[in-house]
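Asker: Using the hints, position chain B with the ligands against chain A.
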Amino acid sequence: MLYVVLFFLMFSLLLYVILAGADFGAGIVELFSSQKNRHLTKKTVYRVMGPVWEANHIWIILMIVILWVGFPNFYNVLVVYLHIPLTLILLGITLRGVAFVFRHYDAYQDQSQILYDWMFRISSLITPIFLGMTFGAMVSGQIVITEDYTNFTFYSLFIQPWLNGFSVLVGLFFAALCAFLATILLIGEVDENTPNIYLKKAKIATLVVVISGFLVLSFGFVQEVYFITNFMQNSYSLGLVALSAVLIFPLLYSIKKEFQIASRTFAGIQVVLVLIAAIIAHFPNLIITTTSEISLLETTATDEVISVLGISLIIGGAIILPGLFHLFKSFNMIKILE
Amino acid sequence: MDNLDAARLQMAFTLIFHIVFACIGMVMPFFMVVAHKKWLNTRNPIYLKLTKSWQKGVAIFFVTGAVSGTALSFELGLLWPEFMKHAGPIIGMPFSLEGVAFFVEAIALGFYLYGWDKIPEKFHWITGIIVGVSGVASGILVVSANAWMNAPSGFDYINGEFLNIDPVQALFNPAWFTQALHMTLAAFTATGFAVAGIHAYQVYKNRQVELHKKAFKIAITFGAIAAILQPFSGDLSAKDIAQRQPAKLAAMEAHYETQKGAPLYIGGIVDAEKKEVSYKLEIPKALSFLAFGDFNAEVKGLNDFPQDEIPKVPIVHYAFQTMVGIGTLLLLCGILFFVSLKKKKWWNNKKYWLLFTVLAPLGFIALEAGWIVTETGRQPWIIHNIMKTEDAVTPMPGMIYSFYMYMAVYALLTIAVTWLMSRQIKSLNNSK
Ligand code: HDD
Ligand code: HEM
Ligand code: HEM
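Residue numbers (the working numbering), protein chains in the order written: chain A, 1 to 338; chain B, 1001 to 1432.
Check each hint, because a few of them may be wrong.
Per label pair, the in silico range of CB-to-CB distance [what the hints assert, rightly or not]: (1) B:D1002 to A:I114: 18 to 28 angstroms; (2) A:F328 to B:I1266: 15 to 25 angstroms; (3) A:E304 to B:K1052: 47 to 57 angstroms; (4) A:F328 to B:W1116: 15 to 25 angstroms; (5) A:Q35 to B:W1419: 46 to 56 angstroms; (6) A:A262 to B:P1395: 45 to 55 angstroms; (7) B:E1121 to A:K43: 51 to 61 angstroms; (8) B:T1258 to A:L115: 54 to 64 angstroms; (9) B:V1209 to A:I114: 57 to 67 angstroms; (10) A:T229 to B:F1172: 45 to 55 angstroms.
Taking lysine to any residue pairs in the SDA-like style, the calculated list, with each CA pair at most 25 angstroms apart, reads [to be verified]: (11) B:K1052 to A:R47; (12) B:K1122 to A:I319; (13) B:K1038 to B:K1052; (14) B:K1217 to B:K1118; (15) B:K1239 to B:T1328; (16) B:K1214 to B:N1041; (17) B:K1205 to A:I319; (18) B:K1300 to B:L1332; (19) B:K1214 to B:F1232; (20) B:K1049 to A:Y108; (21) B:K1118 to A:R47; (22) A:K43 to B:K1217; (23) B:K1122 to A:F328; (24) B:K1312 to B:I1016.
Just so you know, these hints were derived from the structure itself, not from any lab. This one's a predicted model, so the numbers in the text were calculated from it and none came from an experiment. A virtual CB, placed ideally from N, CA and C, is assigned to each residue, including glycine.
The following block holds chain A by itself, in its conformation from the complex (with noise of 0.2 angstroms):
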């Protein structure tokens, strides 16, 4: 049962990724387009997300729920020392979901609309720049676990640990994927008569991407994070990039030949081969504090709790997954359709 509960875990954390990162990535684009592409995007980004966007973000709920019910001293330690980009993430959330609600249902559009698309524009961007600054946190060996809080300053306990460069750039890098599989997404979705401006801007996504990577790599190594010594170390993990690496001219092919589906499924391939690059490199130590490691494994929850709740799960599963495929054939139809 232990493994059921880690594949959905590890499967909400992907799809999450996936689908709400194409959700942050659509607002960064339309952040970083000029002012009559914005206009473009926008509408764009409702036609495409608009039915499924909310089932996109819930992946990180039932992520937290598996966390604090099946890995209760992993979850109380990044609730702990983690408390503050957690909190800043949750704003980001909350703010981001208010605009895109209020953007497309006021009753009027008027002058108003202005503060909700910058309010959606940049929650689209400080979200992820934060979720990817928590896993750089959990990963830069910063966090100090301690119960003696009068020798420690706020500052080295509770900012350091996420509030460095190296945390920085991994925010920095993924954001630029979710730009990424933005652009990749929208190429599609753009109409004969327009011409296709996300051409251009998935090449600058994709050179982001690039670069970005590699400072986090270059950085990491020069610093010495333990976590990226060790990346570059396993093989599995290299080999993994790699392919990712590689899959940069598949993609790049079907883009010019213009198969979306094609190109979708190998951006998605991508990130997904980096994440479980990323994840790999240390599994199951997935913590890194300044003088332990802390394994998701060491700390489950009993096994009658895991039991239940991989049962869950699967029942879960088995309701959800067959509609929200329907969901999202159903509307990929009628666009068909029209």
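Answerer: Positioned in the frame of chain A, the structure of chain B with the ligands alone reads:
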């Protein structure tokens, strides 16, 4: 303010906010599908207009409910890490099922909102029903988690450790049914009266009278039925508490001296220092009867509990009085509505509409008051008789800043959503 108080206030504040959106997100879909059904049956375009306008409301509240709920699911861990470390595995089940219910709701809502004229009519309508049913299911599941905090079960507590965990038994803890029943009714009462009140005001102002009368009737029917059942379910809850959480009961009634044939106090000002209640109305023996169904039963008073294990009496007492007072009023007004169905001429009387306008916020006030009774009445325990709230709070200092930040964000959100709704109504009135 110390860290614990700041964390408590933040929790209270975010929950008070979330519950409003959650209730509306839970109940509005039912109004929407009734209006939709009437459109399908009568093809009267007014119903279509109403359905589409309520659907916008549902979408807005759904998302605000979902984001504030996401915030809460983080907050439980962020604010109460010690609590979640032990309670997480035990009450994770209702939360994971709630996730499923919510997912179903989100999927169904996707179909409903974007499915007009695209998917078969009947199926489209059914997706609306699924939205409502899964919303109520989420609500019941979360309340069951809260009920567990009041009536912990499904584990053995040995030497400070939680052993032999049985999540299913924890889900069906002794308090889950009474609380879930009362809460579901409360959601219908509160939302019913609030939505009806908004439309009553429009009738009062003579705007689009036909539309708003139809809307009023749908909403108030749900609200009135629930309001009539509410006191009965409340009585069940009270009897339950008398058994399980006698300190909470005593605080609700500001009952200090242990007594046989205890009287019920109505109103009154509590002096927690002197342990006295002044200016109250006293009904002899009524408390014993309400709590135990026996006029001469003994009700334990606050003075006979360890003094560090009782909640803040005035808050709990006033909140309880507010809830019950409003509950009685809404019961009467619910009956009044059913009578008015027979006396059609009341519907032409402005005062009728004014009355229901004034009632609009009361259901929600009672609902918040009820939660304050439940939650503050449980203090100092976060898990009744097992873990104290002060032992659960996050060790991170400076929670007060987090509290200010949430206050600011949520205050802005409240203003924004209110403004959005008023624009929604304005556009409904201006349309032809
Ligand atoms: C519209 C809202 C509303 C109305 C009119 C009432 N209640 Fe209520 N009450 C709630 C909304 C509510 C609530 C907010 O939903 C609570 C909080 C926790 C819960 O499960 O329900 C609650 C809790 C609650 C509790 C505590 C349960 C616990 O701590 O476990 C009791 C004893 C009552 N109620 C009793 C009553 C009585 C005797 C009422 C008679 C008129 C009444 N309520 C009307
Ligand atoms: C009695 C109190 C509560 C009730 C009745 C309630 C009910 C609901 C409902 C009906 C929704 C769906 C939103 C909508 O349709 O608009 C929702 C959303 C949500 N609620 Fe609450 N809720 C309560 C308290 C809480 C608490 C304490 C938490 C924290 C753990 C929480 C977590 C969530 C989450 C995470 C969502 C987003 C959707 C999801 O589950 O994925 N709720 N709630
Ligand atoms: C949505 C309706 C709810 C409202 C309005 C509400 C209100 C409150 C209030 C006022 C407090 C502060 C109590 C005090 O310190 O005096 C509180 C605390 C708390 N509530 Fe609730 N509550 C709700 C539902 C829930 C649910 C469904 C859960 C859990 C599943 C929950 C979990 C908690 C926790 C963990 C605390 C902090 C610990 C404590 O003070 O005991 N609440 N809530």
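Asker: Are the hints correct? Go through all of them and say.
Answerer: Against the structure, the hints:
1. Distance hint for D1002 (chain B) and I114 (chain A): a CB-CB separation of about 42 angstroms, inconsistent with the stated range 18 to 28 angstroms.
2. Between F328 (chain A) and I1266 (chain B) the C-beta distance comes to about 57 angstroms, which lies outside the given range of 15 to 25 angstroms.
3. Restraint check, E304 (chain A) to K1052 (chain B): a C-beta distance of roughly 48 angstroms satisfies the suggested window 47 to 57 angstroms.
4. At roughly 18 angstroms, the beta carbons of F328 (chain A) and W1116 (chain B) sit within the given window of 15 to 25 angstroms.
5. One distance hint, 46 to 56 angstroms for the beta-carbon pair Q35 (chain A) and W1419 (chain B), is violated here, with the actual separation near 27 angstroms.
6. Against the hinted window of 45 to 55 angstroms, the Cβ-Cβ separation of A262 (chain A) and P1395 (chain B) comes to about 51 angstroms, which satisfies the hint.
7. In this structure the hint that E1121 (chain B) and K43 (chain A) lie 51 to 61 angstroms apart at CB is violated, the actual value being about 28 angstroms.
8. A hinted range of 54 to 64 angstroms for the beta carbons of T1258 (chain B) and L115 (chain A) is consistent with their spacing of about 59 angstroms.
9. The hinted window of 57 to 67 angstroms between V1209 (chain B) and I114 (chain A) is violated, with their beta carbons roughly 36 angstroms apart.
10. Range check, T229 (chain A) to F1172 (chain B): about 51 angstroms between beta-carbon atoms, so the 45 to 55 angstroms window is met.
11. As the CA atoms of K1052 (chain B) and R47 (chain A) are separated by approximately 19 angstroms, the hinted pair is consistent with the 25 angstroms bound.
12. For the given pair, K1122 (chain B) sits about 21 angstroms from I319 (chain A) by alpha-carbon distance, which is consistent with the 25 angstroms threshold.
13. Between K1038 (chain B) and K1052 (chain B) the CA atoms are separated by roughly 13 angstroms; this keeps the pair inside 25 angstroms, and the hint holds.
14. Taking the CA atoms of K1217 (chain B) and K1118 (chain B), the gap is about 30 angstroms. The hint is violated against a cut of 25 angstroms.
15. Between the alpha carbons of K1239 (chain B) and T1328 (chain B) the distance comes to roughly 18 angstroms, so the proposed pair stays at or under 25 angstroms and holds.
16. Our distance criterion of 25 angstroms between C-alpha atoms is met by K1214 (chain B) and N1041 (chain B), whose separation comes to about 15 angstroms.
17. At roughly 47 angstroms between alpha-carbon atoms, K1205 (chain B) and I319 (chain A) are farther apart than 25 angstroms, so this suggested pair is violated.
18. About 32 angstroms separates the Cα atoms of K1300 (chain B) and L1332 (chain B), which puts this hinted pair outside 25 angstroms; it is violated.
19. Distance check on the hinted pair: K1214 (chain B) and F1232 (chain B) sit about 29 angstroms apart at the alpha-carbon level, beyond 25 angstroms; violated.
20. Taking the CA atoms of K1049 (chain B) and Y108 (chain A), the gap is near 16 angstroms; set against the 25 angstroms cutoff, the hint holds.
21. Of the pairs offered as hints, the one joining K1118 (chain B) and R47 (chain A) holds, with about 15 angstroms between alpha carbons and a cut-off of 25 angstroms not exceeded.
22. A threshold of 25 angstroms between alpha carbons decides the hint, and for K43 (chain A) with K1217 (chain B) the separation of about 37 angstroms lies outside it, so the pair is violated.
23. Between K1122 (chain B) and F328 (chain A) the alpha-carbon distance is near 20 angstroms, which keeps this suggested pair within the 25 angstroms criterion.
24. For the hint linking K1312 (chain B) to I1016 (chain B), the alpha-carbon distance of about 19 angstroms falls within 25 angstroms, and the restraint holds.
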